[in-house]
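As given, the protein sequences belong to chains A and B, one line each in that order. Just so you know, we're using our numbering here: the first sequence kicks off at 1 and counts up by one. Just so you know, we're using our numbering here: the second sequence kicks off at 371 and counts up by one.
It should be emphasised that the hints constitute simulated quantities derived from the structure, not laboratory data. Computed from a predicted structure; not experimentally measured. Quick reminder that beta carbons are idealized off the backbone N, C-alpha and C, glycines included.
Computed cross-link-like contacts, DSSO-like style, restricted to lysine-lysine with a CA-CA straight-line distance of at most 27 angstroms: (1) K72/A x K151/A; (2) K168/A x K605/B; (3) K175/A x K605/B.
Now the in silico label distances, taken between C-beta atoms and shown as ranges: (4) K72/A x D603/B: 21 to 29 angstroms; (5) K72/A x R495/B: 37 to 45 angstroms; (6) S691/B x K175/A: 53 to 61 angstroms; (7) D603/B x H120/A: 25 to 33 angstroms; (8) G102/A x I541/B: 54 to 62 angstroms.
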Amino acid sequence: MVSLRGVTKRFEDVAAVDRLDLDIRDGEFLALLGPSGCGKTTTLRMIAGFEQPTEGEIFIGGSPVVGVPAHKREVNTVFQQYALFPHLDILDNVAYGLKQRGVGRKERRGLAAEALKLVHLVGRDHARPAQLSGGMQQRVALARALVLKPKVLLLDEPLGALDQKLRKAMQIELKRLQADVGITFIFVTHDQEEALAMADRIAVMDAGRIEQLAPPRELYDEPATPFVAGFIGDMSTVGGTLAGDAVELSGGLRVPLGRRLVEAANGAAVRVGLRPECATFRPAEGGPGNAEVATAMVLGDRLQVLARMGDGDEVLLRQPRAHGDAAVAALRPGDGLSVEFHPEVGLLLECAGAATAAPVVAPTPQEVAS
Amino acid sequence: MVGGAIGLAGVAVAAALYTQLGSLVTALPGAALLICVALPVFVGGGLLLQRAGVTGRSPGGYPLTLLAPSLAYYAAFFLVPLAFLVAFSVATPLGYGGVSYGFDLGNFSQAFDPIYLRVFTRTLRFAAIGTLLVILVGFPMAYWLARYAPAKRKNLFLGLMIVPFWTSFLIRTYSFLIVLDPHFVLSRGLEDVGLIDKPLHLLYTNTAVQIGIVYNYLPLFVLPVYASLDRLDWKLLDAANDLGSSAFAAMRQVTLPLAIPGLATGTLLVFIPMMGEYVIPQILGGGRVDLMGNIIQRAFLEQQNYPLGAAIAMVLMAALSLFLILYIWLSTRATEVGDA
Chain A
1 MVSLRGVTKR
11 FEDVAAVDRL
21 DLDIRDGEFL
31 ALLGPSGCGK
41 TTTLRMIAGF
51 EQPTEGEIFI
61 GGSPVVGVPA
71 HKREVNTVFQ
81 QYALFPHLDI
91 LDNVAYGLKQ
101 RGVGRKERRG
111 LAAEALKLVH
121 LVGRDHARPA
131 QLSGGMQQRV
141 ALARALVLKP
151 KVLLLDEPLG
161 ALDQKLRKAM
171 QIELKRLQAD
181 VGITFIFVTH
191 DQEEALAMAD
201 RIAVMDAGRI
211 EQLAPPRELY
221 DEPATPFVAG
231 FIGDMSTVGG
241 TLAGDAVELS
251 GGLRVPLGRR
261 LVEAANGAAV
271 RVGLRPECAT
281 FRPAEGGPGN
291 AEVATAMVLG
301 DRLQVLARMG
311 DGDEVLLRQP
321 RAHGDAAVAA
331 LRPGDGLSVE
341 FHPEVGLLLE
351 CAGAATAAPV
361 VAPTPQEVAS
Chain B
371 MVGGAIGLAG
381 VAVAAALYTQ
391 LGSLVTALPG
401 AALLICVALP
411 VFVGGGLLLQ
421 RAGVTGRSPG
431 GYPLTLLAPS
441 LAYYAAFFLV
451 PLAFLVAFSV
461 ATPLGYGGVS
471 YGFDLGNFSQ
481 AFDPIYLRVF
491 TRTLRFAAIG
501 TLLVILVGFP
511 MAYWLARYAP
521 AKRKNLFLGL
531 MIVPFWTSFL
541 IRTYSFLIVL
551 DPHFVLSRGL
561 EDVGLIDKPL
571 HLLYTNTAVQ
581 IGIVYNYLPL
591 FVLPVYASLD
601 RLDWKLLDAA
611 NDLGSSAFAA
621 MRQVTLPLAI
631 PGLATGTLLV
641 FIPMMGEYVI
651 PQILGGGRVD
661 LMGNIIQRAF
671 LEQQNYPLGA
681 AIAMVLMAAL
691 SLFLILYIWL
701 STRATEVGDA
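Let's have the full structure, built from the sequences with the hints guiding it.
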């Protein structure tokens, strides 16, 4: 439906988007995910037609669109702060695009009312945008774009302005809406949770390039680069020595290896990435155990510890917590911990001396724990 | 309570002031009339303030007592002189500045004399063309300033526009005598470039007056328009564009409606003073261009026919009130948009 071929966008001398290739399928829900400044919004704006690429070609529905102005493209955008027209009421906001197409007043009001029904906003036709809550404004913005039946709907951080609870509800609703209308959705977000929840595929971007384009599960389980590994989900890293299909930590603990992102020889000093669900843990009995508790907290249905192991690296671990279980919850900093890894959980990230694709930008355990 | 006290104090001050003034020019009847007019205004204002004092706040959220100084000043130095004007306009002129108070509509029938109507239409034309030119020059300027001027330089550009205001209005206008002089750079330059073949005789013409008016009032228009455009979320134009509007349609359907408060303020701010302008025609028109302001000024100062001058001024004010009503209607509509 949308294809980008070698698209580059330079602002002065900085390439915001760097030789990007991307194919978005018909009816797909695709997320452009990355830290701020990674080029995701610029990519979206080029598809919308607000920016023209410095180089490269963009196709929408098979036809090249570079040079076609925004108002002549069959894509519509839901803006970050919605950009609703403050001087028009809700119905006129939604009918605005139809008016531009020369649809008659009566017909466009009917279509606008229908679109508002689609997004579950009824009875506020004659309110002004500022009289509506953020969630309602979001619905208006959606209706305003969807009423034009675009081939592709672009969403720029669509849920960024909503509070946490509303955001979760809207994630589900957007997903449902996309299935209902069957339009290709491309949305930009810096919130990985949002991307994981909604998207069919996620393009993880960094520094103007796509690091990996894959479905959420694949991104999480099989990250292609250290950047993706660190950016998607929580990941802690520990240093150790490569020993066959495991990494030996200095305390004698062995981390069984799964995927390897770098080549390393036996005996090399390496760093290995670990997801929070990589191991089970319990208080050490009759001995110091193989790790030490740095912090422990009960997250309702889960228990989370920051375990100090190896050369003092801290690893974030989470496991389900049985209802009423108080024993594990009584862990205190400094307590001994008995950690048992599941098979093939270690992600070999870097090897001393070996070149890695990108520096690992993992949240430090301190950040995650706080 | 405080409001009521301030109101009464205002009455006392105004009464004292105007009985003194009255003895100089119009003796007792004028002063009595003034007090009659001023008293309800002050008492009413005081009561209003007092009532607001109960709730402490106006609907807008500001304590109304903050208005007291400006209200008192406004009443003492605007409403009261206005009452003078009303009294003059229905008095009978006795010649050489003397008047006899009464109810004489003769001044008004004189004010509607075809001679004055011609001056009025001329003034209207000058003000209308002047306002139009100010809009044509000022709107793009304000738009550029709000949208495209580098953010760091905005204040510099605004400052540059205001700097001429630090100079006396008279000096600025007199300096235009030099600019428009046939022997000055403007005329010479155009001659050198070959745009004209003989010296430009602009001075003491309608054109000179028009140029002077536009120049002097331009910032008064640009500032409010800039202020309203500066608040505009330019993403709205992206949105309009995205929904199928060409740049022109977006300007008409989004930018202009949202800039109406500023446009209305700016237009009024230049149009109304233009209607009463009398200094620029005198200097740049060399006395050959007569506008309403000049007529009124002469009626008062040269003919010393206060009643006639007052009557013409009243007619002018009545005409301008129509524009004010339009403005209030437009701006309250715009506020609804802004608040809603």
